[in-house]
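K.L.:
Residues per chain are reported as follows:
Protein chains: 4
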Amino acid sequence: MFFASDNSGPVHPEILAGLTDANQGYAMAYGADTQMQAVQEKIRRIFEAPDAAVYLVATGTAANSLALATLSQPWQTIFCSPVAHIHEDECNAPEFYSGGAKLTLVPGGDRMTPEALRASITGEETRGVHGPQRGPVSITQVTERGGVYSIAELQALCAVAKAYGLPVHLDGARFANALVALNASPAEMTWKAGVDAVSFGGTKNGCMGVEAVIFFDPKHAWEFELRRKRGAHLFSKHRYLSAQMLAYLSDDLWLRSARRANDNCARLAEGLRAAGAEFLHEPQANIVFASFPRAIHRRLMGAGASYHLWGAELEGANEDEMLACRMVCDWSIGTDQIDRFLSLL
Amino acid sequence: MFFASDNSGPVHPEILAGLTDANQGYAMAYGADTQMQAVQEKIRRIFEAPDAAVYLVATGTAANSLALATLSQPWQTIFCSPVAHIHEDECNAPEFYSGGAKLTLVPGGDRMTPEALRASITGEETRGVHGPQRGPVSITQVTERGGVYSIAELQALCAVAKAYGLPVHLDGARFANALVALNASPAEMTWKAGVDAVSFGGTKNGCMGVEAVIFFDPKHAWEFELRRKRGAHLFSKHRYLSAQMLAYLSDDLWLRSARRANDNCARLAEGLRAAGAEFLHEPQANIVFASFPRAIHRRLMGAGASYHLWGAELEGANEDEMLACRMVCDWSIGTDQIDRFLSLL
Amino acid sequence: MFFASDNSGPVHPEILAGLTDANQGYAMAYGADTQMQAVQEKIRRIFEAPDAAVYLVATGTAANSLALATLSQPWQTIFCSPVAHIHEDECNAPEFYSGGAKLTLVPGGDRMTPEALRASITGEETRGVHGPQRGPVSITQVTERGGVYSIAELQALCAVAKAYGLPVHLDGARFANALVALNASPAEMTWKAGVDAVSFGGTKNGCMGVEAVIFFDPKHAWEFELRRKRGAHLFSKHRYLSAQMLAYLSDDLWLRSARRANDNCARLAEGLRAAGAEFLHEPQANIVFASFPRAIHRRLMGAGASYHLWGAELEGANEDEMLACRMVCDWSIGTDQIDRFLSLL
Amino acid sequence: MFFASDNSGPVHPEILAGLTDANQGYAMAYGADTQMQAVQEKIRRIFEAPDAAVYLVATGTAANSLALATLSQPWQTIFCSPVAHIHEDECNAPEFYSGGAKLTLVPGGDRMTPEALRASITGEETRGVHGPQRGPVSITQVTERGGVYSIAELQALCAVAKAYGLPVHLDGARFANALVALNASPAEMTWKAGVDAVSFGGTKNGCMGVEAVIFFDPKHAWEFELRRKRGAHLFSKHRYLSAQMLAYLSDDLWLRSARRANDNCARLAEGLRAAGAEFLHEPQANIVFASFPRAIHRRLMGAGASYHLWGAELEGANEDEMLACRMVCDWSIGTDQIDRFLSLL
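Top line first, the protein sequences correspond to chains A, C, L and R.
Position one of the first sequence corresponds to residue 0 (numbering that gives the first Met the number 0), numbered consecutively onward.
Position one of the second sequence corresponds to residue 0 (numbering that gives the first Met the number 0), numbered consecutively onward.
Position one of the third sequence corresponds to residue 0 (numbering that gives the first Met the number 0), numbered consecutively onward.
Position one of the fourth sequence corresponds to residue 0 (numbering that gives the first Met the number 0), numbered consecutively onward.
Some clues are possibly wrong.
Simulated pairs of lysine-lysine, DSS-like, Cα-Cα distance not exceeding 27 Å [said to hold, decoys possible]:
#1 Lys161/R to Lys161/A
#2 Lys218/A to Lys191/A
#3 Lys161/R to Lys218/A
Hints listed in this document are in silico derivations from the structure and should not be mistaken for laboratory results.
Generate coordinates for the entire structure from the input sequences, incorporating the hints supplied.
P.N.:
If you want it as structure tokens, here you go:
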């Protein structure tokens, strides 16, 4: 009953098998391995993007920071949600990699609206060199609060960015979870909607530590390669990144794992709803933000359930007080665990 | 007969087994895993340094750059050999991570001498704010040309640094190979000689991708943690770094692997010498720089041997021309491969 | 009738005379001039701070960015008002000089409240390395909207910062205007209230281009000197910065000029109020934000008055529509100009 | 008898008069002043470069660092002489402004040779992303040791750079002194020879503190403007930079001053030579490096002459020992001072 994070579960056996299979003999270092060629081909095919530049790094922060640095200039500002991972959880990595760009927090919650984005963009610099210049827009899909933008919403956000000539980055740490929630194609959720670069997450969905960065316009390729090396994110024994991603993309493992996580999350949400829980954000993928009485939290945690309270403290006298919490399902949560958890409500 | 690099061989089976063992259930993310505690304890014990701060990253460039950034200021210069990896092979990563520090190349080859180091240090800035200020000294052990500093040589270099109040970093990408070559203790080769921080390599010696950074003075700990996170080098599923390092340090795997590599390299060198090859640098660990006639290179490569010519071209009319090459033995080279190679001479 | 900016007026004749006087023979370069010693002594005496470190640079952005970089670390966030000059008007200079620190905009207008500041500080990072770490607080006095914090307000803001161990920077581009408005001493408005470092402006108050940076704790001195040089802000012919500052501080020129500007601004505001203008912000120093009908704006501008409309357009059909504007009085505005302007209302 | 530096003399009266003339009424801030338009036109005409982008900053280090940052990428290396000001005297400002680029020191002295430059360029990175990428070449004219490259030499250096597609920067802190020494046109010494950007110095030749940065290709204009602002080098009261440069360029003041400095330097060198001094570098502009006996140094300094010994100490027993020194003539040195100095030999 571990719902604390999708960063803490084990690696999927098929990924581990992929690593073991790759561990034969010698392989070219630094990304010249044959597995990487297969990864590139697979991603280009999956995204219907035959010219896309495709790279691997080991952390989501590296994917985001390197992609954004490639799309921006140090005197620009990057538009994102106030709760975006790039703002709240990366210890200024985007600022570091970009050489000092600013982040402009588009007012609102985890979901950016086209109106708020437009207002933020027009609010920045029309006065020559004085203020920060307008830079890329970064959208998080699945959002930090478990929401999923529809294709139409993504199109609308990208349309605003394009109207000002700004590139769009998609932080897809949970790309697969969003995709299966939308029942859309990777192309529809990215370049067809107007996205220029994607952080395509693997780690949270069963990999050991690998994320792809995809640029639909290959003009960014060489700069990204230099930035990756300079950032110390180019692996010498790169085949072990490739092998993870290859296994992840094989036999639809990425989609199977995400579907399983989403389905279990839906089952969890349904059970919570039936038990009277309130939702801070409507769950759309593999994350639930729910409120229910302290007494129930105590019972669940006492029985070994693991998850984070959200701006609340378990300690307290009032057993009826509604306490919010965040629960995440990763690929490794079994339906039996969900049911056991729900039975404790 | 693969001697091109120790970055290209497979992962040692005991490391892979360690990863598989670690792949059970949930683990705390971001370095709070229990394996990391074991790694820390092991490294402190091995280095006889109970207070040392110990961290893991996935690439050698990350280890070097983050360690040097922690020891330096952006207005300083870092002293190193002209062929140091941090200068030649990291695409300005030390400059990036330090915020723009300079590298001063101490004249000479791969082996810094105390005299040359002192001259370089005194050559920098005694004129107030105008020139770069003196910063850390970075020593590479095993050197880029396969040499190993004796303990006395390390002591002498550190003594020069200390005389000017400068911290010392040891780039130990091949730490284990140097240690078994010297038959010294880790403490003797580091803090007892005057070293302040070590990049303790695992990747080139059979790991998948893991390096430890060790600070003997724990005052650097928190700054390093922030720099690592900001550099996007903190792994969420950190247990898979820990598990590699744990397996690497268990049952002396690190020493066994290095000894095997060094021994095979010595056998290779002996055979080459017997066959009349000349040595550009006397091999002391697991790297050989040798010269022999073009005709023999042709024969070897034709038979499938893989290694890099060094400033030379295989194409050419003169069959007797001596061509230099670089050959590296990693843990996975078998004695049979050495012997087969030598039989072709 | 030039009220567009206090960046556009001429240099005060006493400053120019100071420059001319300084133009005799040779002088030590790079801040070792004898005038600089006099400046340092004067500022230490004026601020009742015998140990203060005192430096000169030529632009306000340099003063702010170098001071903040000295007080912060690249993984921190700097707390400031959403309309602070360091956020809106310095093209990411604070981010550049700090090596990528973030700016956290304390909700509210130009005047930070202790409550909002505390909420912003507590909102940042209590989760280890993930978010930006808490860094310095930067307060602007006179504020961007012409307000002046009382001594008690400054004390309260500094008390919040101190409660979290954070240093306080005062952006005093209009320091003198605030001081005469408060009728306080420089010490009361700075270190006695809890301020650690001051950008002490000269340029907007009659100098050609000089700002002092003052650290009340001299431990910052050497780092600042290196940062200034590395930022290319150390003047070789430094005596001409010193001479400006010396003249500025002599015979209370700085206070006389600020008093004159404030008095004329008050006269302007009084006249506007009498004529029915509305005030967006109550004028407290040398800046007025007022609204009055488009017809009057047309008449004033037609007669040669120069000032900026504030989020409004002169073009438009409705003559009665109230249009906001910003008017600034520098030292060089004469009372006659004010009266002529008011006579046009 | 002040020969210590051309950074220490007074401002030329015509420059001061220019400042005084400019001190009338209001002027547009931040470079929009009418004087700046005149400066731009003058420089374009003088350089026969009607499309050139022309900007002013206050220090030579700012000019060099901002120009080089505009021409380079953070993963590149800048080629320069080992004694270049950008390497030895700017406290890592080029590294700071470029975001961490490296400086490759072309072996040799103050004068780069095409052969050494070519060897340095070919020595850098042909191995993909691993080493620093090749970046701009920076040439200093007058060199740090008082030498002047001929037009043919400049052409040859630029030709090497162009052969590798690298841009060329000219550090012309003493541009005028070189120009009058060569009796060439500004165009011949810059873009006609292959130079892309110039730091056109004013400060060392009689200005208070102003340098122009000139890009012959205006595509760099907007990026430079943003870099200048972000670097805090855009002056609000910019007219006082413009006024200096305008006076400097008017009535050939820049050429008159340089000619006077060079002529007096030649007179000084001739007298020294006649008195038996030896020259470390043949003086070609306004700097002399000469050696003569300690006894004579004592006598000169005792009589009030001011200059720097060069790697030597005045203290010492041997009166006949030859001690090297560096002497610089600026515009303000009178022939009478030269003669008085020589009479003491």
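K.L.:
Determine for every hint whether it applies to the structure shown.
P.N.:
Tested hints:
no.: 1; hint: Lys161/R to Lys161/A; in the structure: violated (37 Å)
no.: 2; hint: Lys218/A to Lys191/A; in the structure: holds (18 Å)
no.: 3; hint: Lys161/R to Lys218/A; in the structure: holds (23 Å)
The structure fails hint 1 only (numbered hints given earlier).
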